[in-house]
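Participant: Letter by letter, the chains look like this.
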Amino acid sequence: MTDILTARNVAKDFGGTGGTLSIIDGLNLAVKKGEFVSLVGPSGCGKTTLLLCLAGLQSLTRGEITFKGVPVMEPPQGLAVVFQDYSRSLLPWNTNLDNILFGMRRVAGDARAKRDRAAELLEAVGLGGFGGHYPWQVSGGMQQRVAIARGLASESELLLLDEPLAAVDAQTRADMQDLFLDLARKFNQTCLLVTHDVEEAVYMAQRVLVLGPRPTKVVREVTIELPRERDQLETREDPAFLAARHEVLSLIRSMRTRKAA
Amino acid sequence: MNESRRIALLGLLVPGAVLVLWQVVAFAKSSPLFPGPIEVTQAIIRNWHEIVSNLGVTLMRAAAGFALATVIMVPLGIFLGRVRWLGEAVSPVIDLVATLPPPAIVPLVMLFAGTGDAAKIVIITYAAGMPLIMNTYEASHTIHPMFSRVARSLHLTRFETMLLIDLPSSLPMIATGARLAVASSLLVSITSEMLLATNGIGVYLQRSQENFQIGSGLAGIAFISAVGIVINALAYRIEQKLLFWHYRR
Ligand SMILES: Nc1ncnc2c1ncn2[C@@H]1O[C@H](COP(=O)(O)OP(=O)(O)O)[C@@H](O)[C@H]1O
Ligand SMILES: [Mg+2]
Numbered sequence: 001m002t003d004i005l006t007a008r009n010v011a012k013d014f015g016g017t018g019g020t021l022s023i024i025d026g027l028n029l030a031v032k033k034g035e036f037v038s039l040v041g042p043s044g045c046g047k048t049t050l051l052l053c054l055a056g057l058q059s060l061t062r063g064e065i066t067f068k069g070v071p072v073m074e075p076p077q078g079l080a081v082v083f084q085d086y087s088r089s090l091l092p093w094n095t096n097l098d099n100i101l102f103g104m105r106r107v108a109g110d111a112r113a114k115r116d117r118a119a120e121l122l123e124a125v126g127l128g129g130f131g132g133h134y135p136w137q138v139s140g141g142m143q144q145r146v147a148i149a150r151g152l153a154s155e156s157e158l159l160l161l162d163e164p165l166a167a168v169d170a171q172t173r174a175d176m177q178d179l180f181l182d183l184a185r186k187f188n189q190t191c192l193l194v195t196h197d198v199e200e201a202v203y204m205a206q207r208v209l210v211l212g213p214r215p216t217k218v219v220r221e222v223t224i225e226l227p228r229e230r231d232q233l234e235t236r237e238d239p240a241f242l243a244a245r246h247e248v249l250s251l252i253r254s255m256r257t258r259k260a261a
Numbered sequence: 001m002n003e004s005r006r007i008a009l010l011g012l013l014v015p016g017a018v019l020v021l022w023q024v025v026a027f028a029k030s031s032p033l034f035p036g037p038i039e040v041t042q043a044i045i046r047n048w049h050e051i052v053s054n055l056g057v058t059l060m061r062a063a064a065g066f067a068l069a070t071v072i073m074v075p076l077g078i079f080l081g082r083v084r085w086l087g088e089a090v091s092p093v094i095d096l097v098a099t100l101p102p103p104a105i106v107p108l109v110m111l112f113a114g115t116g117d118a119a120k121i122v123i124i125t126y127a128a129g130m131p132l133i134m135n136t137y138e139a140s141h142t143i144h145p146m147f148s149r150v151a152r153s154l155h156l157t158r159f160e161t162m163l164l165i166d167l168p169s170s171l172p173m174i175a176t177g178a179r180l181a182v183a184s185s186l187l188v189s190i191t192s193e194m195l196l197a198t199n200g201i202g203v204y205l206q207r208s209q210e211n212f213q214i215g216s217g218l219a220g221i222a223f224i225s226a227v228g229i230v231i232n233a234l235a236y237r238i239e240q241k242l243l244f245w246h247y248r249r
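Chains H and F are the protein sequences, given in the same order. Going by my numbering, the first residue of the first sequence is number 1, and it counts up by one from there. Going by my numbering, the first residue of the second sequence is number 1, and it counts up by one from there.
Quick caveat, the hints were computed from the structure, so don't treat them as lab data. A couple of the hints might just be wrong.
Here are some of the chain F residues that sit facing chain H, going by a computed Cβ distance under 8 Å [what the hints assert, rightly or not]: (1) 141; (2) 143; (3) 245; (4) 249.
We put the CB at the ideal spot given by N, CA and C, even for glycine.
Model the full assembly from the supplied sequences, consistent with the hints where possible.
Facilitator: Here it is in structure tokens:
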């Protein structure tokens, strides 16, 4: 299989009044077509910054990112982002349905077919009756689901997700994880999921990339030896799941104690 | 009696008391230079046609100037907000020009637009245009970076971004500018008539004053106030309709 996304030796500094702040340094990663990869790291380690770089929304200080073999300078065609800041990424003057349609502006097809597809996606994320509502009329978790639907609507080859389930309650999160895996498999959607939740990272992915402390880079790659079919009860009790979870958690803990020392 | 009804009653009582007091003083002075509400009402009836036709002319010019200002300044402000270097270069010039009071540009405008309708509309466009461009630019160049990211990641063209993202998200501040612009269009429409006299309610007011017809003058002023109230109410309704997503949020 070919790499759809690669990052080679990526570094990102932010210049400020108090000197430069190095957020990412020497980061390498690759995502293959059809894969579901999780990027896990503690809050503030630079996950959102990395994701914006990968999406072509932020310039690099050093290194190179390629999408389908082409260096990323601007947001490339075929790559969609579900932003962490969902409350601002949805347009408040558009209804939920129109927000999803907005994500389909570059998708081919006539208006009617697009409308049907948008409604179908809204149904899929469990918001069938809320198409005519505005984002500010529904809860944070529901807004996040609209944002996910908009990401899926763009029919992109690669979907970058920035903590898309951080704002939803535990039960909805479990439902959304399964729904998401379902949709990803159905559309053979390549996904890169950014999260600070280790369990979620392991549950969702075929491969987990663990980010180190700032300036961050990928410090470990954990392959999840589980079938693609996942189940909230059985998967989470599977020895392979527990082993992967243990490996990631203990790695993160060792990083924290090293930092404290 | 509940609170809101008491307030409504008070709102009627106070102006009523003022009117009565005014009439009493006017009666006591009994001078043509101090007409009471009854005389003013008579003047309104007597001069109805003259006031309405003059005010119509004034309002048409105000509306033309306001519309022109909106059509020019809103797109320009959005454009300057999106094309950063140009906005940064031009905005100090706008700030400088905006400090000029509209009457100050009258001689300049007369130089190449004469004293007719065109000249007055140019002056009104200027007066209405300044708050519009300043507010539009202020809003569009401080747009939240998230909106720009959404636009870029959805591969919108620059024009689509301006039309579908920048314009709607700037609307609340544009509305503030438009409110100022409506008020100054009316004001400048009337004052420009006093400077470049031909017709309009400003001319009517000036003539009444020159002929010591204070009652007729007050009649004109009462009419302008009434029209102002109606225009404000209308503007409020339009704003609520366009910006419900902003106010109800
Ligand atoms: N535009 C910016 N300018 C300066 N510092 C920034 C900027 N964006 C993010 N940072 C800093 O980078 C660090 C990592 O932020 P972020 O990528 O949002 O982390 P995460 O998503 O992992 O929580 C934070 O300390 C944050 O303050
Ligand atoms: Mg983040």
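Participant: Against each hint, give a clear statement of whether it holds in the structure.
Facilitator: Comparing the hints with the structure gives:
1. Restraint check, residue 141/F versus chain H: the minimum CB separation of about 17 Å is more than 8 Å; hint violated.
2. Annotation: interface hint on residue 143/F violated; nearest CB of chain H at approximately 11 Å, more than 8 Å.
3. Contact between residue 245/F and chain H, as hinted, is supported at the beta carbon level, the nearest pair being about 5 Å apart and thus within 8 Å.
4. A hinted interface residue such as residue 249/F counts as satisfied when its beta carbon comes closer than 8 Å to some beta carbon of chain H; here the least separation is about 4 Å, so the hint holds.
In this structure, the earlier hints numbered 1 and 2 are contradicted, and the remaining ones agree with it.
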